[in-house]
Every structure is written in C-alpha cells, then in structure tokens.
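Protein chains: 2
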Amino acid sequence: MFSGAQISLYPMSDDFVRIILDAVQALDPYRDRFRIETDDVSTLIVGPPEDLFPAMRDVFVRAAHSGVHCVLSAAVSRGCPGEPDDPICTPISGAGNALPLAERIEAACAHVADAAFTGQHVAAQFSLYPLGEGHHMDEIYGCIDFLKSSGVFDCSKNFCTKLGGDAGAVFATLSEAFLRFGDARGHVALDITVSANSPSKRA
Amino acid sequence: MFSGAQISLYPMSDDFVRIILDAVQALDPYRDRFRIETDDVSTLIVGPPEDLFPAMRDVFVRAAHSGVHCVLSAAVSRGCPGEPDDPICTPISGAGNALPLAERIEAACAHVADAAFTGQHVAAQFSLYPLGEGHHMDEIYGCIDFLKSSGVFDCSKNFCTKLGGDAGAVFATLSEAFLRFGDARGHVALDITVSANSPSKRA
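Chains as they are written, first to last, in the working numbering: chain A, 157 to 359; chain B, 157 to 359.
Worth flagging that the hints you see were computed from the coordinates, not collected in a lab. Note that beta-carbon positions come from the ideal geometry of N, C-alpha and C, so glycine has one too. Some clues are possibly wrong.
Unchecked claim - Facing chain A, a subset of chain B residues (Cβ under 8 Å, in silico):
1. L177
2. Q181
3. L183
4. G223
5. Y285
6. C316
7. T349
Unchecked claim - Using C-beta positions, here's what the derived DEER-type ranges look like:
8. E262(B) - E262(A): 28 to 38 Å
9. D178(A) - A263(B): 40 to 50 Å
10. A263(A) - A263(B): 46 to 56 Å
Claimed, not checked - Covered, in the sense of this in silico footprint (three residues per stretch, anywhere, with C-beta under 8 Å from a C-beta of chain A), are these stretches of chain B:
11. 189 to 203
12. 321 to 330
13. 350 to 357
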C-alpha cells in the first residue's frame, strides 16, 4: 500500500510566505513517519494513511489561527497502482473496509464523535474517487450516508459534498471517508478543500 | 452528459477580494452557455465540456495579470452518474474518445499546438480519475503519453503530473486530457491546480 497527499496551503495575505513557513512547522511531530518533499506547487507527504489527516489538520489550524482567510487544498491517495509499496505507508491498524457498509458507517461516526476539539471553525468540501474495479457508486453513496450522520454535514453540491464545523471533527470525517470507503486494497483518491476565515457568507 | 467544475481562485494578497471579483468578470462571455453558482468555498460552472477550460483560463489569466501569486484549484467532472442530463452540457462536437489511444494522443497534441498564446507563464498539476468500469490505468497511462508529447510536460509526481508553460497551452492540455481520455460516456474527474507568480523556485 502506498498512501500520501499532495497538499497546498493558500493564505490570502501579502504575508503568505511567513504564514506558510510557520504552519509547516506543525508537520515536525510527523517527520519521523513521513517522507516530505516540497516544490513550487505543493508539498508531498507520504506516510501511514491514518496520519495524513491529523497532519493536514495541524498545519491548517496553525495557519488559520493567523486570522487570515486560508485554504488547504489536497489530493490524497491510497493504493495507487503506479506507486511502489512503501513500508512507511503500512496502516497502523486495519481500517476495517472488509465490513459491510452499515458497520463501516457506524464505526466512522464513532471516530468522528471522539475527535479532539480545536476551536477553529472550518468549511470543507471534497470528492471521493474509488478507482478501478467494483461498485464505485455504491461506495460513494455509502460514504454520503456516513457524511450525513457525521455531525458536520453541510450540503451536497455538484461533484462534491460540503462539510462545516470544528476542524477536529471535519478532518476526522475526511479521514474516515478516506480510510473506510472504497475497496480496502483498492485505489482511492480524495480531492479536498478546507477553508477558514472567509469573508464570504455561506450560500 | 453532465459536465462542469467547482472552481476556486486564491490570490495570495490582502487585496484578494478585489482581484477575485475582477477576475470573475472574465466569465461574462460564457454566461449564456453556463449555469454559475457561487458560495463561500467555490464557484460551480456547468456547461459544455469544451468550454470549461477556456473559461477557467480566462479567469485565471486575468487574476494572474495582477502580478500577485495566484492559484486556481478545480474539481472538473463529466458523466457523473448522480447528476441529471443537462442540455446545456451537450458537447458541441464529438470528442472522439471512441478512437484508439494513439489517434487520440495525436489529435490532442494537434489541439494543444493550436492553442492561443496568452503571455502568462503558469505551473500546473493535475490528477485524472476515470471512474467506474473499464481499464482505468490504461486510460491514465495513455493520457500520460499524451502529456509527455504536449510540449508543456514538466515532470511526473506522486499522484499527479506537473505541467509548465504558457497558460494557453497548459489549459489546452488539461482540456484535452479531460475530453479525450476515459470512456466517452463514462464518469471522468480531474483535480487541477494552476499557479502563477510563485516566489518559490521550481524543485
């Protein structure tokens, strides 16, 4: 299994370089478990699938605490067939994707209910792409059922689902969607956008 | 067929609201062919698949001409099974996805070579997600072959491909990847990031 994310942080501020450099320090506690590479468009983090969303949450919350309108955008992937197996990506514990959808939804909701509170309100939207063989729309619809009972569901939009709430619960929900839906050994990708401090009103 | 995109524009500037409001005026020539809806996270454009990337190009180039570091992020989709058919999405002409991969690659390269020059250099990266039945990795690898001969190929990265060059050729390349790869009537999604005026050096 290969798992990781290409992440980008966008602070809407003249001071964006300083805010980004400060926020990425939140990756420090994860550095021994991650491979991290940065270029001019994104930062790659490769590591255990369970650690990806906590790491992104910590980076984003640190940036959002600046008070500036910030967005985190990421392409998150597991099981990509073009990538080698990598020992650092081995899941710490089984994500339980072999269970029936209803049991996975229940387990995912329990994890979200346990998420630590960060005090940072965020809006998020994401698309789940279960690739390759199998019933990709069944998994997407099952994931949507989970989202609707996650406590942070906002609305369905064309091509994506919108969430809103504390960053702790929102990133936990994204993580559960990534870990528990789509075939356990299959290729699953998530396209996520998380926003804080927007001056725009919710639609 | 339903086709459209959720697009977001991120100017890294204190003046981001003005830059965004100015840039979206570049959508005006497309408004009679698009359905457009905006909330606090993204703007939905629904319309003919051939018009999506020209519209995104015009919005992005207008924002980038401010000189500010700007990023456009979008989830682009066609054939999503959860969406109704919509007459405004009907392709103006057949995209020719029924042709063998080699012929599609040749046709795609010819379209990119004809792209109008904008004078705006951009870096871009994207992931192609052909969903549902079929040989999703064959289509991805065929698309990568096209990208390597597009003239704007930069490098392969984990989970995505990076492009660089004039915005005209780069958006044309993204459009060809979207229109010509993956099943003609299938569900195809693209996750794109386009960046201009970054102070970071290329890796």
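Status of the hints after comparison with the structure:
1. L177: Hint on L177(B): violated, closest Cβ of chain A at ~11 Å, above 8 Å.
2. Q181: Hint violated; Q181(B) Cβ to chain A Cβ min 17 Å, cut 8 Å.
3. L183: It is violated, given that the least Cβ distance between L183(B) and chain A is near 17 Å, above 8 Å.
4. G223: Not OK, violated: G223(B) not within 8 Å of chain A, min 12 Å.
5. Y285: Hint on Y285(B): holds, closest Cβ of chain A at ~4 Å, below 8 Å.
6. C316: Holds, about 6 Å.
7. T349: Since chain A brings a Cβ to about 6 Å from T349(B), closer than 8 Å, the hint holds.
8. E262(B) - E262(A): 28 to 38 Å: Given range 28 to 38 Å: violated, Cβ gap about 51 Å.
9. D178(A) - A263(B): 40 to 50 Å: holds (47 Å)
10. A263(A) - A263(B): 46 to 56 Å: This hint holds: roughly 47 Å between Cβ atoms.
11. 189 to 203: Coverage by chain A holds here, the residue count being 8 at a Cβ distance below 8 Å.
12. 321 to 330: violated (count 0)
13. 350 to 357: holds (count 5)
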